[in-house]
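Number of protein chains: 2
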Amino acid sequence: MFNWENIFATRSSRMRASEIRELLKLLDRPDIISFAGGIPDPELFPKEAFKQAYADIFDGSSVDAALQYSVSEGYKPLREWLVKQMAGLGVPCELDNVFIVSGSQQALDYLGKLMLSPNDTALVTAPTYLGALQAFNAYEPSYDRLTPNGNRTPEAYRATAEQAGGRVKFAYLSPDFANPTGETIDLAARERLIDLADDLDIAIIEDAAYQSLRYDGDAIPPILSLEIARKGDIGATRTIYCGSFSKTMAPGLRVGFVVANAPVIRKLVLMKQAADLHSSTINQMATHRVAEAGFDAQVAKIGKVYSRRRDCMLAALARYMPEGTSWTKPQGGMFIWVTLPEGMDGAALLAKSLETAKVAFVPGQAFFADGSGANTFRMSFSRADDQSIEEGIRRLGGLIAGEMISRAA
Amino acid sequence: MFNWENIFATRSSRMRASEIRELLKLLDRPDIISFAGGIPDPELFPKEAFKQAYADIFDGSSVDAALQYSVSEGYKPLREWLVKQMAGLGVPCELDNVFIVSGSQQALDYLGKLMLSPNDTALVTAPTYLGALQAFNAYEPSYDRLTPNGNRTPEAYRATAEQAGGRVKFAYLSPDFANPTGETIDLAARERLIDLADDLDIAIIEDAAYQSLRYDGDAIPPILSLEIARKGDIGATRTIYCGSFSKTMAPGLRVGFVVANAPVIRKLVLMKQAADLHSSTINQMATHRVAEAGFDAQVAKIGKVYSRRRDCMLAALARYMPEGTSWTKPQGGMFIWVTLPEGMDGAALLAKSLETAKVAFVPGQAFFADGSGANTFRMSFSRADDQSIEEGIRRLGGLIAGEMISRAA
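Protein chains in written order, with my numbering: chain A, 1 to 409; chain B, 1 to 409.
Take these hints with a grain of salt, some might be off.
Identical copies carry no separate label here, and so any pair may be met within one copy or between two of them.
Heads up, simulated DSS-like pairs for lysine-lysine below, C-alpha to C-alpha not over 25 Å straight-line [to be verified]: (1) Lys76 <-> Lys51; (2) Lys76 <-> Lys301; (3) Lys47 <-> Lys76; (4) Lys329 <-> Lys267; (5) Lys304 <-> Lys47; (6) Lys231 <-> Lys51; (7) Lys358 <-> Lys84; (8) Lys301 <-> Lys47; (9) Lys304 <-> Lys329; (10) Lys51 <-> Lys304; (11) Lys231 <-> Lys84.
Hints are computed from structural coordinates only; laboratory data are not their basis.
All chains should be built: construct the whole structure from the sequences, respecting the hints.
The following block contains the structure:
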């Protein structure tokens, strides 16, 4: 029997199964109330608009192009739509600053591939998006903790990276309603982050997957927008903005995008040419048609439903969670992040919860590059109805209260 | 201004623009007869079947699933269809041997990522598929020349790989109607290749992108089939079979597949989870419906048209090419490979041809990992009508004859 381990590259040892993915299987058990998955509610997909878009493509003059190979940079009308969209977010840019990828997860993989040599350092928040760690892991980096509100000096980051055997290459963060916390980085911290990146001479990867899903409070400009305001032009920036249609329209088409400095885009286009030629032509065309026809209305529709679910979950948490626990109060997105008393363990709680309370969530530790955060967990409100939220949080609060009492005893 | 070169990984220096991709732009010039692109004729896309498939998906009960996130291994009914299909090719396998990718180009990227550490050696034919070199280059390998009919010993391969600073990890080849030559590896050479791989303890990557496009002659079993016959079970094999729907149905959906040993598939699934989550759900569903409804009829339809074009091009070559040139006589696929007299240069010929004869083709050198092959070029017959083939080859033959005369003078 052939021993494959002999011929796997060293990087492959860091490709491991995702806890969250394994947990997604629990969604199928009808007796479980699940807040585990972080996926959109299919009831909100613009199905009629997509149906019409595909039908129009097949009836129109672009059907041959829709089914044919196409350029690696992406479908031009979609990129043109994004140029207009980004201008509205305070990011003036041109066609050669916009690149289409197969979901923003692919952008994270490509950016790791572009920048990380083994033992280079990536700065990530703690917690951070688990999928970003998985994407970057393939390129064998070290991680150091990015503290947008913190007090570490550039020298400290530099020294740690040198000790790890490389240099800091980028800071990765999701500034708006981040997965997993739901929290937002404020304006002053965004500005400080640009200072830090300038000082360290590194890139910033701005993961904007949830940015459109703001339900209240004032929008904060994207980091890329702040950097352009400061430096005059996207050509002078170091921020790489990654966007997605997965949370606003539908993830099954796998259409995301990157907006950045033209030299970076050119390198990413070459990388995509070699890695998968281009993203699905027909799906890019359908995405363009649906976005053009009513992106804002679609975002408003989603916001109305998700914000009600968020309110419902926050109200239930306030009602049922015992003293000693705390949680985030997100202004958008899909997630609420719960912190248990120090010493309690989210994974042990989940095991118990699946047995007794029958409520699923995601233990927090996997979201920390340094393995901390055992006393945390993530809940998503995107797919639960009001009644399940109320009932699920009631049971979970009871379970946690019981655990706290037996710990104190 | 930020100097991006400071933070690019070393691997990025090997990501360069593709000559073929740049040449594709020439297809738009109406005064050029182009045999350059290697893309299918859109007239042959099963448009009605795809139109019906997407419409049925939107009208059916699986529309939510079609637009939603899905599992990284791929859409189960499509994988089930592939299990049946592979059985027909002499490859008995099960669901956990089949993995869906975004076009078989992505399989090549993933396999490079899985196996190649920097300075490891990949064995490739000379010439080989340019896109494979581009995909592997990102992982900084050395290349050594695979000679399926040749006489190099395993010891020679081992020694060269050690000198390059690593070990041989795999042999990559396209055994049927390969891009760029159109040639097929015979049965005895396939068997010898398995011997070599066993001896070197390496994998075989069998790129079957053109395998279904056989126009005459008897089918030769896939290498994976021969290895299963020899070893009893796919679980004991080292061949990784990469297939595609791009040449038979339509490339714009980006649906390809890998069939291999389950441990390799499991690792690839983890890699995909981290790299782009999964291939487009709706496109996998549409591909399944169209394949199920009439894959064989579609392949027969394409074969009828392409084989006539191949015959037409071979006849024109026999008529117009001067003595001293030679070319392959493929039994399938899309390509014919021309060899000019030693000392002539395909790239120089192209430059002249675009000016005077107004005929485009792809100079051969880019298909050689070692930079040889300057006196060769590739022509595709997949998209040209009989009249253009006759006229294009007539002009090209005249140009080459003229060049040979002025060289002799």
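Taking 25 Å as the upper bound on the Cα-Cα distance, should Lys304 and Lys47 be classified as within, between, both, or neither?
-> within (18 Å within a copy, 39 Å between copies)
Intra/inter-copy verdict for Lys51 and Lys304 if alpha-carbon distance must be at most 25 Å | within (23 Å within a copy, 34 Å between copies)
Is it within, between, both or neither when you check Lys304 against Lys329 at 25 Å Cα-Cα?
-> Intra 17 Å, inter 64 Å, cutoff 25 Å: intra-copy only.
Intra/inter-copy verdict for Lys358 and Lys84 if alpha-carbon distance must be at most 25 Å | Classified as neither; 46 Å inside a copy, 40 Å across copies.
Between copies, within a copy, both or neither: which fits Lys301 and Lys47 at Cα up to 25 Å?
-> within (13 Å within a copy, 34 Å between copies)
At most 25 Å between C-alpha atoms: does Lys329 with Lys267 qualify within a copy, between copies, both, or neither?
-> Neither way: Lys329 and Lys267 sit 39 Å apart in one copy and 38 Å across, limit 25 Å.
25 Å Cα cut-off: does Lys76 pair with Lys51 within a copy, between copies, both or neither?
-> both (22 Å within a copy, 23 Å between copies)
Alpha-carbon proximity context of Lys231 and Lys84, limit 25 Å | Within one copy only: 21 Å inside, 59 Å across.
Could you place Lys47 and Lys76 in one of the four classes (within, between, both, neither) given a Cα distance threshold of 25 Å?
-> both (24 Å within a copy, 23 Å between copies)
Pop the pair Lys76 and Lys301 into one bin, within, between, both or neither, using alpha-carbon distances up to 25 Å.
-> neither (27 Å within a copy, 32 Å between copies)
Checking Lys231 and Lys51: alpha-carbon separation at most 25 Å within a copy, between copies, both or neither?
-> neither (43 Å within a copy, 48 Å between copies)
Figure legend: structure checked against the earlier numbered hints; hints not met, in rising order: 2, 4, 6 and 7.
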